[in-house]
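The listed protein sequences derive, respectively, from chains Y and E. Residue 1 is where the first sequence starts when you use my numbering, and the numbers rise one by one after that. Residue 1001 is where the second sequence starts when you use my numbering, and the numbers rise one by one after that.
I should point out that these hints are in silico values taken from the structure, not numbers from a laboratory. Because the structure is a prediction, the values reported are computed rather than measured. A few of these clues could be false.
So the derived label-pair ranges between C-beta atoms look like this [as the list claims (entries may be wrong)]:
id, chain 1, residue 1, chain 2, residue 2, range
1, Y, L85, E, E1095, 23 to 31 Å
2, Y, R256, E, N1004, 52 to 60 Å
3, E, Y1041, Y, A303, 53 to 61 Å
4, E, Q1199, Y, P226, 24 to 32 Å
5, Y, R139, E, Y1093, 51 to 59 Å
6, Y, R256, E, S1052, 26 to 34 Å
7, Y, I266, E, Y1041, 47 to 55 Å
8, E, G1191, Y, P222, 42 to 50 Å
In this text, a Cβ means the ideal position worked out from N, Cα and C, and glycines have one as well.
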Amino acid sequence: MIKHILTLVWNKKRTNMLMMLEIFLAFLILFSVFTFAINFLRMYQSPLGFATRDALLVQLMLDDGMDSVAHLEMRQQLRREVELLPAVQTTSFNSGVTMFSGSMWTTSNNDNGFLLETCIYHADEQFAAAASLNLVEGRWPEVSDQNNKYAPVVINRRLREAYFGDKPVIDSIIMLDGEKKIMGVVDHFKYQGEFETERPLTFFFLPLHDENLRTLYVRLKPNTPPEFEEELNKTIARVTRRRDFVISSVDADRVRQSRQVWVPMITALLICGFLILNVALGLFGVLYYNISKRRAEIGLRRALGATQGAITRQFTAEVMVVAAAGMLLAILIAVQFPLLAVFDVPAENFYWSILATTILILLVVLICAFSPSRQAAAVQPAVALHEE
Amino acid sequence: MFSNYFKLALKVLGRNKFFTGISLFGISFTLMILMLITAFYDTEFGENPPLSNKDRLVFLSVLKMELVVPDTTLVIDSVAQGGLMAYDTTFTYGEGTNSVSISSFSYYVLDDYLREPAGVTDYSFYSSGQHSFNVFLDNRKLEVGAIYADAAYWRVFDFNLREGECFSADQVQHATPVAVITDELARQYFGRDSGVLGQEVELGNSRFKVIGVVRRSRSMNSMVAGDIFLPLTTMEGRALDDNAYQGSFQAAYLLDRSAAIGPVQAELAERTARIPLRNPEEYNRISTLPMSFGELYASRLIDNNEPQKSLFRMRLVFGLLLLFFVLLPTLNLININISRIMERESEIGVRKAFGAHAGTILYQFVFENVIITFLGGMIGMVLALGLLHLINDSQVLPHMILRFNLRVFAYSLGICLLFGIVSGWVPAWRVSRLQIADALKSNQL
């Protein structure tokens, strides 16, 4: 049966060649777009780990030449006055490297006997409460911990799993810019953006007089109207005596940043959808025409006793052989990507993408082939042979 | 004769509605997307104001400072020779980079070392993309992006001035609080886009008098995509007096019409490399990469030490993507066209029997195909216009306004023609070579 169909396909190789080429190309295009989409969607699955709704971020502008007492007093006053506003729940000072800011602070060293690479996030003692971080172990440090022998740090679970495995980490001392004591482990913290892989991360604590604390994270009560920003604006302008600071909504920042991935991804998927529809319609038309030209052959087979099912199967199988040849060729090329590891994309994403593309194309080809084949099978032998 | 072909083409289209429908669908959607891409390309790379002179511009955007130390690599090779171990030691003298700092220029560096290179008509120092202000207007919040510039900025970038004037060298020198705003900001701030001259805009700690209104740049290029333009002397803080090397400034040089871009880039790079460094223990090498507009654009997408390579790679990637995208519908169309034309085998047989040349038949079918393509192109254009409207309205691409102008129209016509010929040629060629006897045999006329 298979051998017979292969002969049939081979006999019409010129017509089938074009069809095969089309399937081959369609596979490669779908494969690249699916890899792109699967790669980003898998990153999107892991949670951010902090609250973006009802939160504002203020990029403070501070006068040069303030000493640490002035810094401390200004921040204390700012915190007092902002937290007095009825819509505000809590506030927390961060450094300039904040969520969705596009900047990242990383460090690496060999001092622990292995290569430790981690992102660094600076915050004050109220950050866990303000941003609703989920601590899976230990606790978030308090102001009094800053005077301990070892400066406190909190790590994320990704760092714990990458470097410490199952060993207990709470109260361990690690070498990271000096000796630091791990006080807690945060479930997730993916501040770079939704479409990023979570990296090992360490929270450092800065006292309020540190001049690097240039951002204020303000957590609002639920359903605060956007007009509140103006009130906050006035308060900050009064305390810092400057007006060139910028307030942004954390959720709006998230949406704006994610849109840079959503827009191209959805565009690419829509274009792919159109291409597939185009190919499907074309395939359908061509098959319809090819099969209608073979009415005589079908009539003869029917007259000799072939069932309708046998004929449907034959034509569908013919198309599937052509499609399979095109797909096989394309898969051979596609598997080179994970094997050669050209791109910085996890290999399994490529395999998922190959699987998804194969299923989709098989489905499309099957649907396109089935209907003309059914039509062909419905041919009455007497009519078909009479025409001839 | 052509009118004959034309009539024939329309008749054929009407005959097999299913195939016609499939063809038109494929053609119109493909062309629609190609037209959208063309519109996008024209907005970002076309010669539109304020970047009409983009081919004559050289940009300085990044100043790189490095601490480079001599680095010796010692390699010991061991080989077994006659049962004894022999060692071969080689030293490679190279250099290692201990620390790098990459940022824009300070005004001081540009002002002191990078004025007036040879072959340049005009040049401007400006600070863009880093200054954003919140403005609260009766419960509305505006985010205003400011560009601080000198007076030459207006000669290097040819903004469409809608009313008033741009600030002069005198106003820049005296730090006069004046502003040129975009029509978009005028609409948002004052509720109207004309007659706002002399009004005041309050930004940060100061108030600026509006002296001119320009049309907002349609592209997203940061050197021109601002809402408000202010004299650079009015910058907050001590940005101008600071004598650090790095800051927030960039420079654009407008070449003479006859000047080549290469020598200017080389001179700027060389002059930057010669800037004396105050503290060689911190950084002992200073360098920059003067870039053309295309190179600047590409280097933001593909990071590379050589901007020319970035540009080449960007073109390669986009070219390949486009090729792949066009190839599939074309193949599909060829496939359909073969079926369509083969249905008319008998017609061809008769025409050939009466003496038509293979060439005549070839041209007839290509011509027919071009007609279908243009028909599809028209549908595609209508769809593209609708989609452009939708994209601009929904602000999917913030601040970017895609337009369908004459140039885009011309590109689209070219695309249609090419597409029609390519997808018609193969089937027409195949059919024109049919043997008369084969074509007439077994076909019901």
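So, going through the hints one by one against the coordinates:
1. With their beta carbons about 56 Å apart, L85(Y) and E1095(E) fall outside the hinted range of 23 to 31 Å.
2. Distance hint check for R256(Y) and N1004(E): the Cβ-Cβ separation is about 58 Å, which falls inside the suggested range of 52 to 60 Å.
3. The beta-carbon spacing between Y1041(E) and A303(Y), approximately 60 Å, falls within the hinted interval of 53 to 61 Å.
4. Restraint check, Q1199(E) to P226(Y): a C-beta distance of roughly 26 Å satisfies the suggested window 24 to 32 Å.
5. Roughly 54 Å separates the CB atoms of R139(Y) and Y1093(E), a value that falls within the hinted 51 to 59 Å.
6. In this structure the supplied range 26 to 34 Å holds for R256(Y) paired with S1052(E), their Cβ-Cβ distance being about 30 Å.
7. Take I266(Y) and Y1041(E): their Cβ atoms lie about 20 Å apart, and the range 47 to 55 Å is violated.
8. Taking the beta carbon of each, G1191(E) and P222(Y) are about 33 Å apart, not inside 42 to 50 Å as hinted.
The structure does not agree with the numbered hints 1, 7 and 8 stated previously, though it agrees with the rest.
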